[in-house]
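Listed below, chain by chain, are the residues.
There are 2 protein chains.
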Amino acid sequence: MTSPVAAAQEDRAAATRRRILEVAEALFRSIGYQKTAVADIARELGMSPANVYRYFASKSAINEAIAERLLAGIGGELDAIADGTGPAAGRLRAMLRLLHARHLELFFREKRMHDMVSAAMSEHWGVIAAFVARIEAAFARVLADGVARAEFAPVDPVAAARRLKQATFPWTHPVLIADCLEKGVADEAQLAVELDGMLDLLIRGLKIDH
Amino acid sequence: MTSPVAAAQEDRAAATRRRILEVAEALFRSIGYQKTAVADIARELGMSPANVYRYFASKSAINEAIAERLLAGIGGELDAIADGTGPAAGRLRAMLRLLHARHLELFFREKRMHDMVSAAMSEHWGVIAAFVARIEAAFARVLADGVARAEFAPVDPVAAARRLKQATFPWTHPVLIADCLEKGVADEAQLAVELDGMLDLLIRGLKIDH
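Protein sequence lines correspond, in order, to chains A and B.
Read in order, the letters of the first sequence correspond to residues 1 to 210 in UniProt numbering.
Read in order, the letters of the second sequence correspond to residues 1 to 210 in UniProt numbering.
Calculated from the structure, these hints are not laboratory results.
Everything hinted at is true.
Which copy is meant is left open, because identical chains are indistinguishable; a pair holds if it fits in one copy or across any two.
Keeping only pairs whose Cα atoms sit at most 30 angstroms apart, straight-line, the calculated BS3-like set for lysine-lysine is:
1. Lys59 <-> Lys35
2. Lys59 <-> Lys111
3. Lys183 <-> Lys59
4. Lys165 <-> Lys207
5. Lys111 <-> Lys35
6. Lys111 <-> Lys183
7. Lys111 <-> Lys165
8. Lys165 <-> Lys183
Since this is a predicted model, take the numbers as computed values, not measurements.
Whenever a hint applies, use it, and build me the whole structure from the sequences.
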């Protein structure tokens with residue numbers, strides 16, 4: 001058993017970790033990921049850089065933890081929709097609209113947010129891969145439920161979840177969204193309309209009959 | 001009317017242009033796009049660089065013409081399938097399989113081919129955009145034909161053509177194919193199987209009934 005003293009120490013360590021992440025995220029968003037040094041984070045917290053390094057091995061490790069926390073939040077929102085009630089088609093639609101909205105926020109609303117997330121993507125692909133796997137698992141649960149409710153035709157939920165992910169990359173993959181918005185192929189309003197059109201087609205393909 | 005002399009001169013100019021492109025493409029593929037200079041192309045042709053510049057303003061302009069010719073070839077193959085006979089679904093399937101195969105060739109079989117095509121993509125987006133528009137138009141013709149034959153449910157062929165293009169980016173967009181192959185998410189054989197799975201879903205979504 002953990003002694004009350006050890007437990008209190010653990011609580012304090014967890015609280016310090018959390019404070020480091022909060023301050024670092026605020027600095028990454030205001031100064032920018034590249035320009036923020038661990039020394040800046042330490043100064044803002046009124047602690048020594050050595051103390052920050054007791055909790056995180058590097059700035060990159062701090063960003064990894066921030067990305068994990070951020071994606072865990074989005075994952076939680078998606079799970080809540082996936083495990084809700086109502087027709088499976090409506091849940092898939094709501095999940096993909098949310099995912100698209102969150103991607104626009106992560107990559108296109110704030111330049112500094114973009115740099116932070118891009119650094120996480122190139123340095124900590126494992127965090128991103130785990131998030132993608134979590135999304136696919138949530139899609140698969142909704143698809144299996146849709147089949148069980150005889151709303152969707154029988155289908156391998158895991159394979160169909162991958163298809164949903166792949167068919168909607170233009171709304172969730174940063175490179176494809178950028179292709180679209182930056183080359184003026186479509187603006188955000190058109191993107192939203194097109195996502196609904198894609199979902200109409202995909203859901204029609206999944207439905208047990210028309 | 002063009003005089004016989006002028007016509008012969010035009011023929012010779014077209015033949016020289018064609019020879020420059022053939023030699024340049026061979027050098028780009030053997031030495032690499034970045035390492036080939038206009039002087040190398042001229043030497044190989046036994047002409048002066050100044051003479052090459054009479055036909056093309058720059059190496060980049062030569063590459064633009066090569067890309068145009070290459071994409072015109074693929075566009076022709078796709079049009080031939082699109083305007084063939086048989087069920088619309090089968091034609092869409094054949095077109096997307098061909099497009100995927102050609103993208104693998106362009107970007108993943110030869111490193112030097114990749115560099116050449118990538119240079120064309122960044123320097124001459126207009127050529128690529130025209131090719132994409134041509135593909136979408138070919139899809140739209142097949143979709144309209146499918147609706148006319150009561151094979152597909154009524155649909156806006158232009159919008160549905162865009163959906164087909166978007167849903168199949170994982171098999172045609174160089175960044176997405178690379179994501180997949182280089183991160184070991186899937187190999188080429190799995191990619192082919194997954195494309196068929198995606199086409200099953202999309203065609204089911206288009207069909208007038210199941």
